[in-house]
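Those protein sequence lines, which keep their order, are chains A and B.
The first sequence begins at 1 in the working numbering and counts up one residue at a time.
The second sequence begins at 481 in the working numbering and counts up one residue at a time.
If you are wondering where the hints come from, they were derived from the structure by calculation, not from laboratory data.
It cannot be assumed that every hint is accurate.
To be verified - Straight line, CA to CA, 25 Å or less: simulated DSS-like cross-link-like pairs of lysine-lysine: (1) B:K826 x A:K451; (2) A:K451 x A:K471; (3) A:K346 x B:K931; (4) A:K247 x A:K346; (5) B:K896 x B:K951; (6) A:K14 x B:K826; (7) B:K826 x A:K346; (8) A:K231 x A:K247; (9) A:K416 x A:K231; (10) A:K451 x A:K231; (11) A:K451 x A:K470; (12) B:K896 x B:K950.
As the list claims (entries may be wrong) - Which bits of chain B does chain A cover? Going by a derived footprint, with three or more residues having C-beta under 8 Å, they are: (13) 521-532; (14) 694-704; (15) 714-724; (16) 851-860.
Every residue gets a Cβ at the ideal spot worked out from N, C-alpha and C, and that includes glycine.
There are 2 protein chains.
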Amino acid sequence: MKNPSLIAFSIDRKSDIPVFAQIYEAIRRMIVSGALEGGQSLPPSRSFATDLGVSRSTIMAAYEQLVAEGYAEGRHGSGLYVRPIGEVELPSDQVPVKRPAPVPSAKSSPTARLGWPLLYPGVPDMRLFPYRPFARCVARVARASPQSLVMSFDPFGDWSLREAIAAHVAEWRGIQTSAGQVMITAGSTDALEICIRTLMQRGDTIALEDPGYLPLRNFVESQGLAPCWLKVGPHGAEVPPHETAPKLAVLTPSHQFPMGGAMTPDRRRAFLQWADEAGGWIVEDDYDSEFRYAGRPIPALAGFDQADFDRASRVIYVGSFSKIFSNSLRIGFLIAPEALTDCFAKTLSRFGTKASIAPQRALATFMQDGDFYRHLRRVRRIYAERRNAMFDLLRRELGDRVAFDDHQAGMQLVLKLPDGCDDTQIASDARDVGLSPLALSSHFAGDQVEKGLVIGFCAHSPEESAMGIKKLRRVMEGHC
Amino acid sequence: MKNPSLIAFSIDRKSDIPVFAQIYEAIRRMIVSGALEGGQSLPPSRSFATDLGVSRSTIMAAYEQLVAEGYAEGRHGSGLYVRPIGEVELPSDQVPVKRPAPVPSAKSSPTARLGWPLLYPGVPDMRLFPYRPFARCVARVARASPQSLVMSFDPFGDWSLREAIAAHVAEWRGIQTSAGQVMITAGSTDALEICIRTLMQRGDTIALEDPGYLPLRNFVESQGLAPCWLKVGPHGAEVPPHETAPKLAVLTPSHQFPMGGAMTPDRRRAFLQWADEAGGWIVEDDYDSEFRYAGRPIPALAGFDQADFDRASRVIYVGSFSKIFSNSLRIGFLIAPEALTDCFAKTLSRFGTKASIAPQRALATFMQDGDFYRHLRRVRRIYAERRNAMFDLLRRELGDRVAFDDHQAGMQLVLKLPDGCDDTQIASDARDVGLSPLALSSHFAGDQVEKGLVIGFCAHSPEESAMGIKKLRRVMEGHC
Numbered sequence: 001m002k003n004p005s006l007i008a009f010s011i012d013r014k015s016d017i018p019v020f021a022q023i024y025e026a027i028r029r030m031i032v033s034g035a036l037e038g039g040q041s042l043p044p045s046r047s048f049a050t051d052l053g054v055s056r057s058t059i060m061a062a063y064e065q066l067v068a069e070g071y072a073e074g075r076h077g078s079g080l081y082v083r084p085i086g087e088v089e090l091p092s093d094q095v096p097v098k099r100p101a102p103v104p105s106a107k108s109s110p111t112a113r114l115g116w117p118l119l120y121p122g123v124p125d126m127r128l129f130p131y132r133p134f135a136r137c138v139a140r141v142a143r144a145s146p147q148s149l150v151m152s153f154d155p156f157g158d159w160s161l162r163e164a165i166a167a168h169v170a171e172w173r174g175i176q177t178s179a180g181q182v183m184i185t186a187g188s189t190d191a192l193e194i195c196i197r198t199l200m201q202r203g204d205t206i207a208l209e210d211p212g213y214l215p216l217r218n219f220v221e222s223q224g225l226a227p228c229w230l231k232v233g234p235h236g237a238e239v240p241p242h243e244t245a246p247k248l249a250v251l252t253p254s255h256q257f258p259m260g261g262a263m264t265p266d267r268r269r270a271f272l273q274w275a276d277e278a279g280g281w282i283v284e285d286d287y288d289s290e291f292r293y294a295g296r297p298i299p300a301l302a303g304f305d306q307a308d309f310d311r312a313s314r315v316i317y318v319g320s321f322s323k324i325f326s327n328s329l330r331i332g333f334l335i336a337p338e339a340l341t342d343c344f345a346k347t348l349s350r351f352g353t354k355a356s357i358a359p360q361r362a363l364a365t366f367m368q369d370g371d372f373y374r375h376l377r378r379v380r381r382i383y384a385e386r387r388n389a390m391f392d393l394l395r396r397e398l399g400d401r402v403a404f405d406d407h408q409a410g411m412q413l414v415l416k417l418p419d420g421c422d423d424t425q426i427a428s429d430a431r432d433v434g435l436s437p438l439a440l441s442s443h444f445a446g447d448q449v450e451k452g453l454v455i456g457f458c459a460h461s462p463e464e465s466a467m468g469i470k471k472l473r474r475v476m477e478g479h480c
Numbered sequence: 481m482k483n484p485s486l487i488a489f490s491i492d493r494k495s496d497i498p499v500f501a502q503i504y505e506a507i508r509r510m511i512v513s514g515a516l517e518g519g520q521s522l523p524p525s526r527s528f529a530t531d532l533g534v535s536r537s538t539i540m541a542a543y544e545q546l547v548a549e550g551y552a553e554g555r556h557g558s559g560l561y562v563r564p565i566g567e568v569e570l571p572s573d574q575v576p577v578k579r580p581a582p583v584p585s586a587k588s589s590p591t592a593r594l595g596w597p598l599l600y601p602g603v604p605d606m607r608l609f610p611y612r613p614f615a616r617c618v619a620r621v622a623r624a625s626p627q628s629l630v631m632s633f634d635p636f637g638d639w640s641l642r643e644a645i646a647a648h649v650a651e652w653r654g655i656q657t658s659a660g661q662v663m664i665t666a667g668s669t670d671a672l673e674i675c676i677r678t679l680m681q682r683g684d685t686i687a688l689e690d691p692g693y694l695p696l697r698n699f700v701e702s703q704g705l706a707p708c709w710l711k712v713g714p715h716g717a718e719v720p721p722h723e724t725a726p727k728l729a730v731l732t733p734s735h736q737f738p739m740g741g742a743m744t745p746d747r748r749r750a751f752l753q754w755a756d757e758a759g760g761w762i763v764e765d766d767y768d769s770e771f772r773y774a775g776r777p778i779p780a781l782a783g784f785d786q787a788d789f790d791r792a793s794r795v796i797y798v799g800s801f802s803k804i805f806s807n808s809l810r811i812g813f814l815i816a817p818e819a820l821t822d823c824f825a826k827t828l829s830r831f832g833t834k835a836s837i838a839p840q841r842a843l844a845t846f847m848q849d850g851d852f853y854r855h856l857r858r859v860r861r862i863y864a865e866r867r868n869a870m871f872d873l874l875r876r877e878l879g880d881r882v883a884f885d886d887h888q889a890g891m892q893l894v895l896k897l898p899d900g901c902d903d904t905q906i907a908s909d910a911r912d913v914g915l916s917p918l919a920l921s922s923h924f925a926g927d928q929v930e931k932g933l934v935i936g937f938c939a940h941s942p943e944e945s946a947m948g949i950k951k952l953r954r955v956m957e958g959h960c
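Just need the whole structure built from these sequences, with the hints factored in.
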C-alpha cells in the first residue's frame, strides 16, 4: 500500500537536521494529525528508500525511532504498522485539542531539534517532567502574586527562592548558609562567569581541571586569563603547583566533569589548605550532585570548608537546576561567602544581570510544596535503572571494544577507546545517524589527550539507548 | 501623640538603604498592616528626629515620600496624617489577603531596593504595569501549553515569540525580517555580548560611541578588544576614521545613549556605506525607540539598510523589552542577517544561552492579544505628560543653573552643568537624600568629558519628580 502523502514531502539535504530525523518527523506529524491512522501500514523500507532517493538504513533509522517512541510497531513478518493514537503518550503540547487553544500554537522553528539525540550526555529525560504540577505552581503565583512574575528590585533574585535554595543545600549538600548569600543566576555558566568577573583581572592565572567544561574554558580564554591546567587523576584534580600561583580554581569535586569520580577527602583538604595559604578562591561547580546512586552522598566542598576550617570561607558554591528542568529554564545559583556579597553585587551592576525573575517564585513554590522533591526522587530511581541497563548493554555490545568505570553518580559516563581510534571522527559519523556522543578528547586543553566518548544514559529509555548503542557499535566497526 | 512602635524600630546605618528610606519603609509597613490607622497623625518631624537620633531633613524626606505615594497627607497647619488605607492604590502583592496565599510570601531581601529612587534614568514606572492581564496570559499558557514554560529544543527561543517580534519590528521599526532570524536573548546586554562574541576576536578594533552605555564598555574591555571611540555630535556618532579599521560599530542611531538625539539620515547613510566598503558590521542598539513623543517615528537603521541598499544587510538589530517590563524579565532579542544565523547559533553552543524560556510564550500571547500594545500606548501618553511636566519644572527650578535639550524621545534627559561643577560629587550627595541621577562624565571614555546629570522622567509622577528636583536643587546649591 502506497500512501501518496508519504512520498510527497521534501527532504532538505542542506538542513542541520539529519535526513532520517526529517523522515521520522514527517511521519510522526502525519500520525499525530490523523493523516495516518492506527493500523495503517508503513511502506516497506526498501521501496520507500527508492521512492525518496535515500539509503535503506536511513529509512530504518527513522522507523526505529518511531517504534522506540511508540508511534509504530512491528508485526511479526509483516512490516510496520501505525499504533492507534490513544496508545501513544504524547507530550501535552501535541495532544490534539478540541477547541482552538487561546495561546499561540506550539509550532517550532524549522531548525529546532526534535528532542535530545540518542546518547547525548548530561541531559534529563524531559518526557518525565511533571509539567502540569509545575504549571499549577506558575498559575498559582500568577493569581496570588502577579507582580512577582515581572518585577523585582533585588538584583540577587526572588527572596523566597533564595530561602528555598538555602534550605535545599543545607539538607542535600551539608552547606549552612543564609538566603542573603544566595544569588540567582541564568544557569551555572552565568554563575561561573560572575565568579570570574568578580575575582579575576586580565592576565591573572586561573586553575582549571583538564579535561573540563568547554563553555568555561571558552569564557576564560575570551577574558584573556592565563589558565593553569590541573591534571585529573583517581583522587580528583591535582592541587596547583606553588609557582603557578592561581588566584582561583574552578573544581567539580563531587563528580568530575567529564571523567566522573569524586575527589578524595585528602585532596579536598589539600585544596582548602592551598586556598587558605595562598589566599586563593575555590569555585565549586556542583552541577549534577543530586544524582548519586549508591553509598552516602558526598558532601559539598563548601560544606567541608565550614565544618573543618575555623575561618572565613574561601569556597563559592555554584549549583544548577538544569539537570531537573533542562537548561531552557536558565536558573542556577551561587552561594557567596559573606565577605564577597558586596563584590558580587558590584559585578551585577557593572555587567548587568542575566537571570529572569519570571520562573523564580513558581520554582520556590514547587520546591516548598514538595513536588520538586517527589520528581527528583522519582527520576533518581529511574536514572539508576537506566544506568544499570546501560552498563549491561555496554558489557554486552561494546565490552570488547571500550573500557568504562562505574562512578555510581551523574548523568553520563566515559567510554575509553583503544589507541588509534579517532574519537572526533567517530562522534562526527555518529551524528550522521542521529547519535550525539561527545568526543572526550575535545574536553582536554593540554597535550595529554585521552580518546573516548562521553555518552548520556538518563534522557532515553533503556530500549532507546539500546538502539543508540547498537548504532554506535556499527559506527565504531568502521573505525577501530 | 506618640506611637510607641514608631520609635521602637531600629535604624541600620551600615545598610545600603538610605536612612530616610528605612524610616519611610517602617511607617509604610505599619500603615499597610493596619498598625497605623487612617486619620492617625504622624509625629512632628522635629521631635521624631530627636527621638530617632537623625536629622530633621531625613524625617522630612521620609514624610515627603509617604505623601507622594499617597500613604499620608498634610492637613493645613496641623501636621501629617495617615490616609485611610482604602484610598491608597497598593501594588497587588501588598494588598492584605483574606486567606493565606498558597505561594511563598512576598518578603524581600533586607537589602532589596524599595522602588526606583527618584530621578533614576531610563526605567519605566512599574506601578503602571498591567500585572493582572500579563498574569492571565501566563496562567493561560500554563493551562494550554505547560511544556512551553519549561522546555524548548530551540536555542533561539520560542517560535511564537519570534514570530510576534518579527511582526512587531515590521510595524514599529520598518524592518522586514522572518522569525527564523530573530534570536531571544537575556536582555539587550546579552544580545550585545553575543554579537561581540560572534564577530570579534581578541585584539580586534570595535567602534563605540563616546559617551555610551557602561555595561557594553565594561564587556568590551573585559574581552581585550581595542575600542575606537566615536565622538557624538549633533548629527550622531562620527563615522570611524579609515585608519582605525574597526570590524564592528555599536550604535544607538534612534536615540543616542545617554545624550539623546537621533542620527541624521546623511550620517546613517555614511555608516551603511562604511560598513559596505570596509566589510564592517553595525550593531544597532535600539533600546528605547518605542518612546518618541512628537513627529514621525525614526525608522531603524536596520530598516534603512534594507530599503536603500540592494545587497546583503550588514546591520544586526538589538531590541529589548526592559523599557516595558523593567529589566527583571530579562528578555531582549537580536535580528541577525540571514548570512550570520549559523554563526550566532555556534556562539550559543560555545558559551551557552542565557535567556529563560519561562516567560516567552506568555509574552507572545500578551503581544498577540493586544494587551502589550494597549499598555505601550498608555504609558507613552503618560510619559509624554511627565516629560512636559519635567521640562516645566526644570525651567522653573533649575533654569538658572543647567542647560538641557529637548529631543522629544526616550526616558531620560541630560542636565548640562556649568564649568567647575563636579557631577560625580553631586550625584553622590544626591544619593544620600534618596535621589539617583547619574553623572554624565562617567559615561565618557576619552579625555573630552562633559559634566552633567542624566535623570529619568518616566518612573515617577510629576509630584514625585517635583520633590526630586527640589531636593536636587538643594544638593546643587552646595556645589555650583
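- [ ] Quick one: which hint numbers does this structure break? Sort them smallest to largest.
- [x] 7, 13, 15 and 16
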